[in-house]
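Since the structure of chain A is already known, use the hints to place chains B, P and W on it.
Protein chains in written order, with numbering that gives the first Met the number 0: chain A, 0 to 377; chain B, 0 to 377; chain P, 0 to 377; chain W, 0 to 377.
These are calculated hints, taken from the structure and not from any lab test.
This structure is a prediction, so every number in the text was calculated from the model and none was measured.
Each hint should be verified, as a subset may be incorrect.
[Stated by the list, open to error] Here are the computed lysine-lysine pairs in the DSBU-like style, where the Cα-Cα straight-line distance is at most 30 Å:
1. K93(B) - K276(B)
2. K337(A) - K42(B)
3. K358(B) - K238(W)
4 protein chains.
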Amino acid sequence: MKLKFGMVGGGNGAFIGAFHRQGAIMDDLAELAAGCFSRRWDKNTECAESWGVRDMSRVYHDYQEMAQAEGAREDGIDFVSIVTPNNTHYPAAKAFLEQGIHVVCDKPLTMTVAEAEELAALAKDKGLLFAVTYTYAGYAIIRQAREMVRAGAIGKLLHIRAEFPQEWFIVAQATGVSEQAPWRLDKSQAGESGCTADMCTHIEHLVSAMSGLHPEQVLAQFDFCLGHVLENNVNVLAKYPGGVTGTLWASQVATGHELDLSVELFGDKGSIRWTHKDNNAIWYTPVNEAPQYITIGRDYTCPESSRLMRGITGAPVGFSEAFGNIYRSFMMALAAHKAGTEDPSYTYPTVDDGVWGMKFIHACLESHRQGNAWVPLG
Amino acid sequence: MKLKFGMVGGGNGAFIGAFHRQGAIMDDLAELAAGCFSRRWDKNTECAESWGVRDMSRVYHDYQEMAQAEGAREDGIDFVSIVTPNNTHYPAAKAFLEQGIHVVCDKPLTMTVAEAEELAALAKDKGLLFAVTYTYAGYAIIRQAREMVRAGAIGKLLHIRAEFPQEWFIVAQATGVSEQAPWRLDKSQAGESGCTADMCTHIEHLVSAMSGLHPEQVLAQFDFCLGHVLENNVNVLAKYPGGVTGTLWASQVATGHELDLSVELFGDKGSIRWTHKDNNAIWYTPVNEAPQYITIGRDYTCPESSRLMRGITGAPVGFSEAFGNIYRSFMMALAAHKAGTEDPSYTYPTVDDGVWGMKFIHACLESHRQGNAWVPLG
Amino acid sequence: MKLKFGMVGGGNGAFIGAFHRQGAIMDDLAELAAGCFSRRWDKNTECAESWGVRDMSRVYHDYQEMAQAEGAREDGIDFVSIVTPNNTHYPAAKAFLEQGIHVVCDKPLTMTVAEAEELAALAKDKGLLFAVTYTYAGYAIIRQAREMVRAGAIGKLLHIRAEFPQEWFIVAQATGVSEQAPWRLDKSQAGESGCTADMCTHIEHLVSAMSGLHPEQVLAQFDFCLGHVLENNVNVLAKYPGGVTGTLWASQVATGHELDLSVELFGDKGSIRWTHKDNNAIWYTPVNEAPQYITIGRDYTCPESSRLMRGITGAPVGFSEAFGNIYRSFMMALAAHKAGTEDPSYTYPTVDDGVWGMKFIHACLESHRQGNAWVPLG
Amino acid sequence: MKLKFGMVGGGNGAFIGAFHRQGAIMDDLAELAAGCFSRRWDKNTECAESWGVRDMSRVYHDYQEMAQAEGAREDGIDFVSIVTPNNTHYPAAKAFLEQGIHVVCDKPLTMTVAEAEELAALAKDKGLLFAVTYTYAGYAIIRQAREMVRAGAIGKLLHIRAEFPQEWFIVAQATGVSEQAPWRLDKSQAGESGCTADMCTHIEHLVSAMSGLHPEQVLAQFDFCLGHVLENNVNVLAKYPGGVTGTLWASQVATGHELDLSVELFGDKGSIRWTHKDNNAIWYTPVNEAPQYITIGRDYTCPESSRLMRGITGAPVGFSEAFGNIYRSFMMALAAHKAGTEDPSYTYPTVDDGVWGMKFIHACLESHRQGNAWVPLG
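Chain A extracted, bound-state conformation (with noise of 0.2 Å):
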């Protein structure tokens, strides 16, 4: 029996809704049964049909609205997905929530640490599930790398390496183009900050899917190169738990860089480096051993990562596979919720790390006004 959802937003043409979707139904555990897809009716009902929601009366005018209505019927949906502009993420969430639906929403989760606090706490009180689609954690092979770092593969952590380049700023900028660009650039949209909230709080979430560890102090420093409003290139040192440090570094002036997060991982006895240009693969390397490189799906691969394989071994794993993992994570955990069984063994991004995530951001903003201090999270 299929799970049953809803969409708050996605009907813009921006490419992000569209992975959200299919990464809801691409397994065959969900189907689209209501939506308020778009401001504007047309599109929004448009939409509907296009993505089959059976029931029309179904389509909504805004998420309040979907909100109370999914909430007082006897076959609500299960659960929402939130792929607004980041503004809306809090004020749409909490109406779920308060009608007791399970939330799955975009990053960042909210536009204050006070904010993502209380939907955390709402969930809580609720005892509903909430995932927030830091969408890179969800390629099979970071849940292997989570299950090794365990397991004590790399020993006891030492330093943690983590960056994600882009260029398209730049590119967009030298061809006047960019449909991303306008909110992006509003504040009022976006935040008070760039490249921290829009990847920098990826490559945070990232490195605690793979390592366990959200960073207890930050000092961060911002570039605003070429004349932007928010910064645009931001490296953060970062201190966390027991000792361990690390560098992050989101740029979106690097030229020669399309998509290219990596992590690394340093322990005292092993390392394992994860490159987006590589999806599939680790490199794991113990100390004074010859590297190996892991692809997922293999009979020495653990079973929390390959059973999120669709494929074949050596089989391209695209960007929309890493939301169907996220969902795929998200519904079955959902699943087990529902039949009052728990399965920790489907991990996904939670509204916890939704939190850590706010508090990331709040906390490099804070550690930039004060001229690179280090500055604690929270």
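Same frame as chain A, but now just chains B, P and W:
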């Protein structure tokens, strides 16, 4: 208005069926309206429900019944996807063509050249579109390569180098498990040929998808490693029109290689190389200039490839999208066909490519039988 | 007519001495005429014989004797190579400069900034050439990068990313052996600094060899992993002239990395990336164009780099050739100097670069002591 | 006590002579004592002086004079290096062997199989060592691969894949310049064969250096691209002992490839891959385990390879060191030979390998003449 399609096969749990189905629907251009997914009725209906077939009367016991019923309906399916074992491709495809239904069929097209030629003739007679899912040709960047070759970027072709090493057979033997092995090792289902029909035909097609050329003659050497009854390692020397030569290598016993298809075209003005390991990019080297690394969806790539991109530049593209692109191109061509316009810019592997594939397989077999003599293609 | 040179050190079996000696002679531009290679006399004379010193009266007990004797000879050495432990660099270099003998010295130049500045002033006063062997700057393609930056290929610099991860310390600790460890861990020989003086100064110099820039301020974080008394992992935020920022990372505990120096320069018109793993090539990406892979010795590379090539295009270039190129460039400049002509096209790391190195090391130490504050360079 | 060697050729400015000379001296195991470096006397003596020949009476007008004079001296050279054009190898090598002088000769060994066999017989009769400089076999990691294969790391060999694409001819034609072209295109100097003798014989040897196998039969296809009179693209199917098959491809018209030699060996327990682009490393994949990246000089590599390392782990190894390793191994074997002990652990390409090379070249030529028939080797 979406197209309606049906499926024959796909319900037996093989991964390939899921790729076809997802490929057909991922761009919201088609909906699954009918099918006979499995010979077991309970499985058949279960699939239909899970996959969203709205009218359960359009779930059929076999392809004959389905072809007749759908051919007779006013609102019958626009096209059918045939994803059964190889020996059923021919009768199933024929049944639908005879009912005036367009066809997408998995490769290899048939068991014999004569069957393939009959299907090609039938499709032409009926004025029907017929795609054969040579998957790898679906990657957007392959289309970029084709357009560059056509435009003269590498000049006159001199030599072609293509290979497809895999380790699956040797790993399957080592571990004692392979869900694919049974029918692949059964000559009555898989035909006379092992990795020639399974993999080498993919290479032959991909070369043509990039270069526009099919071989005139082949000289093939078969190896039967580890006591396998069908060849699991094959090397082909090929003569293409215009004095162009090439080599094709496919292997199922190449430890260390998961799905490492690659093609390189050498011309008198430059070369183009593509590897499956980096499936979004080609290397282009003009003679006496620095090699360039060209990725999809850029200002400097052609619209025929860019329009096949779903995500953002740098986002990994999955195996499923290669299917999606063949389906999308086929459906765009079909929509144009139905509208009475033809749009030759949407290309896909056709029934004629399927015929070339069968000729290639059989010429290789014949060369092997003749002790590695040169054998012309049909 | 070949130049004549002497060596101080090099006989203790450390690999670095052999690299200097081979570097000096590999192009038949110089012959080894004198030296004090070891404090042990038998070792000293054995080296002299093995290495082809023709006149055994020019084998000396110590550098003082050697400097005086060679300085007094009509046919004295043209230059001396100093390859002793770090704490001897200063007095030895001074002794030869005072005798009017040109100097090549290993890095780091001295133990203190004051010593380095004294050597620089002395060399200037005496009109003597002084090279410091920042090895990695010697690769021919680094010179190509420098000329491209100078010519505006990447426009105005925005950001610099450089790193030098190694695993040697953690491997040495795991295996319990390291011939290098002893003096590197002895503060009286190695100085106050661990991998900052050992490796990070290489990064600092390489960045300047490519970009032309030295930092104005640094903020450094030191890690003392595994209970090491000197820092073995260091991250530096740097502010360069003109608002350019950068980060430098050096590590001796980065399992999986052998000698993985890399530098990437981001400008407003493009970027250049070099990695030691592929030491003959740079990646050059003009904004909104395809990345290019540029190797040495091509029609499209500059003469300043091409003339440093010894083999054929595509032939791997060894570590020894990086030394060879510094020596060759130094000797070509020296030959021009002796001939009364100057050829500024032959560049090499000079005593001024050595001073920058010492300032960099000491500013990093100071930043660490101040709790990661910004510290200006000298 | 160093060995004394002489050189025939090397003074004509070709890069290969310098590689031989540097290779012989780089480890301080030998000194250049005699030679006839050029047919022009002024050039000849100039080379002798520049290269440190101490006794100018040991500079000779031709190899005949040199062989006789050195053979007659009490302190005559221990071995000679022959680096002349291919057609002089045979008479020159013969002259020195007849004088009881050990020989190192460039490849291909001779012009005919009979000449090569005569040299091999002569060396055996005289009890002389004879190395042929198949350069690429000299890389330390190749020796690692050999020992692993010997120890059964990949089990029983199944298939071999080797290739050597280059672009030099097509670039030379495009630019109108190539210092190497003249004698390579002159059949009287270069022989009947183009890239088969020039490059494919390197592949044949490298395969044997890794696997221990030489082909029993070959089937060769020659291409004469761009109107070249000698083949510049060759594909060889090979049958090795024990049912092992292989393919070898060499090309001089493969745009985008500088010197891209690679070999991959597939066995029933694993595979080993080496590429010249990453000349210090091999990939080793045991069946059903993760691929491993093995570099030289590690705790887990064999002493036969580790002792050929000069620098530190991770330091790039140059083309010159491949020569150096052949010379070093030859000289260590020669020193043992002179001491009356034999050390079979120092291996190098011998005159027997040179004979195999000639048999291979001529069998390929014969296969081409017979329209791509299978031709046995000698």
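Checked hints:
In summary, the hint linking K93(B) to K276(B) is not supported, as the alpha carbons are separated by about 36 Å, beyond the 30 Å threshold. Among the hinted pairs, K337(A) with K42(B) is consistent with the structure: their alpha-carbon atoms are about 26 Å apart, no more than 30 Å. This hinted pair checks out: K358(B) and K238(W) have alpha carbons roughly 27 Å apart, not beyond 30 Å.
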